[in-house]
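Visitor: Chains as they are written, first to last, in the UniProt record's numbering: chain E, 1 to 329; chain P, 1 to 329.
Derived by calculation from the structure, the hints in this document are not laboratory data.
Being a predicted model, the structure only gives us computed values, none of them experimental.
By construction, the Cβ of each residue, glycine as well, lies at the ideal position given by its N, Cα and C atoms.
Fair warning: there could be bad hints in the mix.
Said to hold, decoys possible - As a list, the in silico DSSO-like pairs of lysine-lysine whose alpha-carbon atoms are at most 30 Å apart:
| no. | chain 1 | residue 1 | chain 2 | residue 2 |
| --- | --- | --- | --- | --- |
| 1 | P | 165 | P | 143 |
| 2 | P | 185 | P | 109 |
| 3 | E | 11 | E | 38 |
| 4 | P | 187 | P | 207 |
| 5 | P | 224 | E | 265 |
| 6 | E | 143 | E | 109 |
| 7 | P | 143 | P | 265 |
| 8 | P | 185 | P | 197 |
| 9 | P | 38 | P | 24 |
| 10 | E | 265 | P | 142 |
| 11 | E | 224 | P | 109 |
| 12 | E | 109 | E | 265 |
| 13 | E | 265 | P | 296 |
| 14 | E | 178 | E | 224 |
| 15 | E | 24 | P | 265 |
| 16 | E | 265 | P | 109 |
| 17 | E | 109 | P | 224 |
| 18 | P | 165 | P | 296 |
| 19 | E | 38 | E | 142 |
| 20 | E | 142 | P | 265 |
| 21 | E | 24 | E | 44 |
| 22 | P | 178 | P | 49 |
| 23 | E | 296 | E | 224 |
| 24 | P | 224 | E | 224 |
| 25 | P | 109 | P | 143 |
| 26 | P | 224 | P | 296 |
| 27 | E | 224 | E | 143 |
| 28 | E | 265 | P | 185 |
| 29 | P | 24 | P | 142 |
| 30 | P | 165 | P | 265 |
As the list claims (entries may be wrong) - Pulled from the structure, derived: some chain P residues nowhere near chain E, Cβ distances all over 10 Å:
| no. | residue |
| --- | --- |
| 31 | 39 |
| 32 | 170 |
| 33 | 247 |
| 34 | 252 |
| 35 | 270 |
Said to hold, decoys possible - Distance ranges between label pairs, derived from CB positions:
| no. | chain 1 | residue 1 | chain 2 | residue 2 | range |
| --- | --- | --- | --- | --- | --- |
| 36 | E | 51 | P | 208 | 28 to 38 Å |
| 37 | E | 257 | P | 289 | 52 to 62 Å |
| 38 | P | 208 | E | 186 | 55 to 65 Å |
| 39 | P | 276 | E | 291 | 50 to 60 Å |
| 40 | E | 291 | P | 22 | 55 to 65 Å |
Protein chains: 2
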Amino acid sequence: MAGDGEEVRNKQVLARDYIDGNPKETDMYFNTSSISLKVPEGTKEVLVKNLYLSCDPYMRGIKPKIPDRLFYSFAPHSPIVGYGKGDFVWGVTKWEEYSLITMTESLFKIQHTDVPLPYYTGLLDMPGMTAYAGFYELCSPKKGEYVFVSPAFGAVGQLVGKLAKLMGCYVVGSAGSKEKVDILKSKFGFDDAFNYKEEHDLDVALKRCFPEGIDIYFDNVGGKMLDAVLLNMRFHGRIAVAGMISQYNLDQPEGIRNLLSLVYKRIRIEGFTVYDCYHLFPNFLDLVLPYIWEGKIVYVEDIAEGVENGPAALVRIFSGHRLTMSESK
Amino acid sequence: MAGDGEEVRNKQVLARDYIDGNPKETDMYFNTSSISLKVPEGTKEVLVKNLYLSCDPYMRGIKPKIPDRLFYSFAPHSPIVGYGKGDFVWGVTKWEEYSLITMTESLFKIQHTDVPLPYYTGLLDMPGMTAYAGFYELCSPKKGEYVFVSPAFGAVGQLVGKLAKLMGCYVVGSAGSKEKVDILKSKFGFDDAFNYKEEHDLDVALKRCFPEGIDIYFDNVGGKMLDAVLLNMRFHGRIAVAGMISQYNLDQPEGIRNLLSLVYKRIRIEGFTVYDCYHLFPNFLDLVLPYIWEGKIVYVEDIAEGVENGPAALVRIFSGHRLTMSESK
């Protein structure tokens, strides 16, 4: 272990600029600097060594809407190691080997080291908390309710499906290939699934999968899918909007025409981000840790070694490759 | 008082058919039948004599979306007199002199007869409960928050504005004429108001009235106004949708393009109708009765005499005439 105050190498991944569309490896570059293994005197900063860094679609960032944030600032969300005292922590960091954390309120001490540490970059971090907060806290699911998830194959969607099944709900997912649809049904425990790219009419697809209508929609896609879902919601339905990935690359967002359903069906739509929900983290652990211990939730991760492989891994996500997935038992 | 079992005249107003656009007097016709002043044996029905009948915009109904309801069925919402025992009741009835009520769960005994009885067709009935449920229960207003109401001049909008001021909020309304805008500001206590028909760009108008953004939007109009409001909401803003009157007469609803704000700003939109909220009636009375007794809420009503004058009164509403209005003190 390096001594206090020693200078060590710190490889970093930086973004060149805002990006349009899907990220390319050339949108990022490496920088190797050095960092002193000492927290600046008189500050309350924390120095962490990054053991695992997450790699998620949201890292691309959204160019026109949040102009004060660079792509780079979206990258970090990771499990990290508290240096010095030897605590394991997780929270918001950067794609680099060591990070000096100023916003220490976004660091969380890892209490349960009896689950694999990488889980804290996925199942027990952003994707897991997003699934939990949106589905469980915002939508208050009840046993027997009809749940739709889109997209369902991503890290968040899979976990929503898993939580829905564990709650006793009927859950259907949408994905972008036959292979993914098959895996949703055969491995991830979805009651049904469809390939939205092969559906001529999303309204018809939803009516086929939900003849009784939809109680809860976990939306990460927006656009035409949201519009079709609005036609199929049941009375007092709830829609949690975690994102609208179908809209980010459009110059002008698509128009949603079926909002009248909000009144007719007394529907609630609520947007949220996981950053507002970390106060719910203890509740989340109470729900999900027993499932992990009992083997009811297993999280399979694809780990790229070294920050220098981060850009390629991020690009692969946008070409349809998933780095993380949970499998049903 | 007529004796038990006696047959009496019962004038009724009926709708000819579904209607397109605004109602005309010729869309309605009269029928004079007779009714026995006796509740059919073996039923739990209640016979009421209608003292006051309400006259509201929603009565027009909405043709294509609720095909199983005739216009006629939208008409009734009224204060009514319980026959026999002499109780005063209010609830859902029909435009006729006497009504035999089957759905007695929609009848409410009037406990407070120290407020004018016609208040139970307006301030203390649908418009008042709509304003209360949407603004107070769904949006959880806090002192100092920025509130927008559109349309503001109707019976519901005025009451939302009044409740917002009594809560210590800053409230701005939109209306369709200079005269209405002036009255909103000079008589109804709105902090600001604008004529949406004279605004070239609703986004600009809202930014002028709300440089800090909007916390709560009470929406009864939908369409372009909702789209512009979405651009001006503050973080964790709340939108209660009571209706979308700009959309009912369109063959295809307008597309709403700014729903991405839901995620960026963590906004909640919730549709509701007053029919789901009558369990909150005691809470509503607890809030509003003291204001009435203290003279902080005064409700001025325009009363047409006799059911035969109902159709003309309903038509007048859609030509911009208001039958009911509340004035500030």
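Visitor: Decide if the proposed pair is consistent with the structure: residue 185 of chain P and residue 109 of chain P, CA atoms, cutoff 30 Å inclusive.
Guide: violated (36 Å)
Visitor: For residue 224 of chain P and residue 296 of chain P, compute the direct alpha-carbon distance and say whether it is at most 30 Å.
Guide: violated (34 Å)
Visitor: Compare the distance between the alpha carbons of residue 178 of chain E and residue 224 of chain E with 30 Å, and conclude whether the hinted pair is satisfied.
Guide: Given that 30 Å is the threshold and the Cα spacing comes to 20 Å, the pair holds.
Visitor: Run the distance test for residue 24 of chain E versus residue 265 of chain P: straight-line Cα separation, threshold 30 Å.
Guide: holds (29 Å)
Visitor: Could you grab the alpha-carbon distance between residue 265 of chain E and residue 109 of chain P and see if it respects the 30 Å cut-off?
Guide: holds (28 Å)
Visitor: Note whether the CB distance of residue 276 of chain P and residue 291 of chain E lies within 50 to 60 Å or breaks it.
Guide: violated (35 Å)
Visitor: Within a Cα-Cα threshold of 30 Å, do residue 224 of chain E and residue 109 of chain P meet the stated pairing?
Guide: Violated. Residue 224 of chain E to residue 109 of chain P sits at ~47 Å, over the 30 Å cutoff.
Visitor: With a cut-off of 30 Å on the C-alpha distance, tell me whether residue 109 of chain E and residue 265 of chain E pass.
Guide: Answer violated: residue 109 of chain E to residue 265 of chain E is near 43 Å, above 30 Å.
Visitor: Verify the proposed pairing of residue 11 of chain E with residue 38 of chain E, using a straight-line Cα cut of 30 Å.
Guide: holds (17 Å)
Visitor: Please verify whether residue 109 of chain P and residue 143 of chain P have alpha carbons no more than 30 Å apart.
Guide: violated (33 Å)
Visitor: Does the hinted range 52 to 62 Å hold for residue 257 of chain E and residue 289 of chain P at CB?
Guide: Violated, at about 42 Å.
Visitor: Hinted pair, alpha-carbon criterion (30 Å max): residue 24 of chain P, residue 142 of chain P. Please report holds or violated.
Guide: Roughly 42 Å separates the two Cα atoms, so the pair is violated.
In summary, the numbered hints that this structure violates are 2, 6, 9, 11, 12, 13, 17, 19, 21, 22, 23, 25, 26, 28, 29, 33, 34, 35, 36, 37, 39.
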